[in-house]
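**Q** Model the full structure from these sequences, guided by the hints.
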Amino acid sequence: MQALAEQLDRVMPAAIFGSVARTVGMTASVAGFPVPVGALVEIQRQTGPPVRAQVIGFRDELTLLYPFSDLAGVRRGNRVRLVRTSRWLRVGNGLLGRVIDAEGNAVDGKPQPALTDRIQFERRPPHACRRPRIHEPLATGVRAIDGLLTCGKGQRMGVFSGSGVGKSVLLGMMARYTAADVIVIALIGERGREVNEFLERDWGPKGLAKSVVVVATSNEPALVRVHAASAATAVAEYFRDQGKSVLLLMDSITRFALAQREIGLAAGEPPTTRGYPPSVFALMPKLVERAGCSPRGNITAMYSVLVEADDPNEPISDAVRGLLDGHIWLSRNLASKGHYPAIDLLESLSRLMPDVTDDQHRRAAVRLRELSAAYRDHEDLISIGAYRRGSNPTVDTAIEMQQSINRYLRQPVEEPSTLEDARNGLMQLEQEAEKTKSEVGDRKSEG
Numbered sequence: 009m010q011a012l013a014e015q016l017d018r019v020m021p022a023a024i025f026g027s028v029a030r031t032v033g034m035t036a037s038v039a040g041f042p043v044p045v046g047a048l049v050e051i052q053r054q055t056g057p058p059v060r061a062q063v064i065g066f067r068d069e070l071t072l073l074y075p076f077s078d079l080a081g082v083r084r085g086n087r088v089r090l091v092r093t094s095r096w097l098r099v100g101n102g103l104l105g106r107v108i109d110a111e112g113n114a115v116d117g118k119p120q121p122a123l124t125d126r127i128q129f130e131r132r133p134p135h136a137c138r139r140p141r142i143h144e145p146l147a148t149g150v151r152a153i154d155g156l157l158t159c160g161k162g163q164r165m166g167v168f169s170g171s172g173v174g175k176s177v178l179l180g181m182m183a184r185y186t187a188a189d190v191i192v193i194a195l196i197g198e199r200g201r202e203v204n205e206f207l208e209r210d211w212g213p214k215g216l217a218k219s220v221v222v223v224a225t226s227n228e229p230a231l232v233r234v235h236a237a238s239a240a241t242a243v244a245e246y247f248r249d250q251g252k253s254v255l256l257l258m259d260s261i262t263r264f265a266l267a268q269r270e271i272g273l274a275a276g277e278p279p280t281t282r283g284y285p286p287s288v289f290a291l292m293p294k295l296v297e298r299a300g301c302s303p304r305g306n307i308t309a310m311y312s313v314l315v316e317a318d319d320p321n322e323p324i325s326d327a328v329r330g331l332l333d334g335h336i337w338l339s340r341n342l343a344s345k346g347h348y349p350a351i352d353l354l355e356s357l358s359r360l361m362p363d364v365t366d367d368q369h370r371r372a373a374v375r376l377r378e379l380s381a382a383y384r385d386h387e388d389l390i391s392i393g394a395y396r397r398g399s400n401p402t403v404d405t406a407i408e409m410q411q412s413i414n415r416y417l418r419q420p421v422e423e424p425s426t427l428e429d430a431r432n433g434l435m436q437l438e439q440e441a442e443k444t445k446s447e448v449g450d451r452k453s454e455g
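In case it helps, this note's numbering puts the sequence shown at residues 9 to 455.
In case anyone wonders, no lab produced these hints; they're calculated from the structure.
Model, not experiment: these values are computed from the prediction.
Some clues are possibly wrong.
DSS-like mimics (lysine-lysine), calculated; alpha carbons at most 25 Å apart, straight line [as the list claims (entries may be wrong)]: (1) LYS294 with LYS214; (2) LYS294 with LYS345; (3) LYS252 with LYS294; (4) LYS118 with LYS218; (5) LYS252 with LYS214.
**A** Here you go:
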């Protein structure tokens with residue numbers, strides 16, 4: 009069926025044509041071209057192959073196009089041809105272990121995979137009333153997350169931080185050690201240098217064998233970066249519909265939003281909060297809601313969020329935090345002290361942790377949070393020696409336990425961890441805290 013459809017596309021080209029009226033920046037305006045928004049077209053040019061583009065809107069009597077590549081060589085009057093009004097993606101098990109672009113083409117230097125299935129590029133999320141409840145935990149391989157921010161299969165989490173704090177390294181640990189059946193990794197707007205580093209350093213041949221990597225580097229047009237996020241989600245949906253547990257890692261959703269900002273402003277949308285047009289805040293929930301549980305399988309999604317100027321309330325991070333089922337905040341202060349992963353426990357939250365852990369696990373996690381909060385509230389006094397031991401039993405216990413807590417929260421990149429390891433370590437910390445509290449009380453009584 010797929011071969012027949014491709015053959016028909018070649019022998020029966022769409023008979024709708026227009027002509028370039030003008031170009032402004034990265035957009036081209038076409039006259040006499042009544043095609044729908046989202047359609048794929050080709051712009052003929054004087055030299056070289058045609059430029060592929062997508063319809064992004066209309067202005068007066070003109071149709072606005074955003075190209076997939078440079079408009080060099082395009083002049084006024086060049087013919088524009090409709091190629092397809094809807095987009096689809098070739099998929100199959102042959103994608104496992106491969107690196108593809110936003111169109112589904114392999115870019116890892118190996119032969120193109122033989123793919124027998126195809127799916128719609130943009131799909132509706134599972135209906136809210138038909139989504140199964142999340143009740144089973146997913147081991148991410150990161151001890152601090154599995155113990156204190158436990159995720160469920162089908163949950164959507166955000167990893168928030170400024171630049172250079174360790175988001176990509178943390179996602180790499182999850183990709184390497186997670187218990188999911190299939191991993192789909194979307195590198196959106198990444199530096200080209202980092203792609204091979206991620207593949208060789210963070211994933212390796214064993215991790216790549218059950219992964220699909222979708223790449224759109226920072227030098228590619230905004231439309232390609234937006235499509236790469238949709239393509240990665242569509243691939244994850246395909247494997248979910250096969251009954252598999254899928255982990256979707258997107259680095260980063262902020263660059264997806266920046267790319268959509270370029271497109272929206274080019275289409276004439278008014279800039280609103282910090283220059284972001286309304287379409288950015290309309291598209292993010294459509295993308296995020298496609299992840300999660302369905303009656304057939306589940307997609308656990310981890311989205312990295314690049315926080316501008318380390319401000320947790322900047323527009324994109326604030327909007328994404330409201331869409332997700334939890335957030336992991338990485339602290340620049342912790343990273344500067346060599347504390348990796350630099351997870352700020354008190355600023356992080358998993359909304360579904362109560363549904364996927366038992367009472368004993370939750371009680372131990374709350375106890376550790378209580379001690380961490382007590383230490384942070386009095387850290388300035390402790391550091392200058394102004395805190396008087398015996399003033400507060402909880403703070404006294406937190407001081408005694410600080411090294412043990414930090415050992416639990418820190419984890420080298422090359423050191424794997426299981427869900428059971430994380431839980432047992434947490435139980436040991438709770439027992440140690442109770443013993444320390446008793447000893448502190450005894451010392452106070454003797455004093």
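**Q** Checking against the hints above, which ones are violated?
**A** Numbers 1, 2 - these are the hints that the structure violates, sorted from lowest upward.
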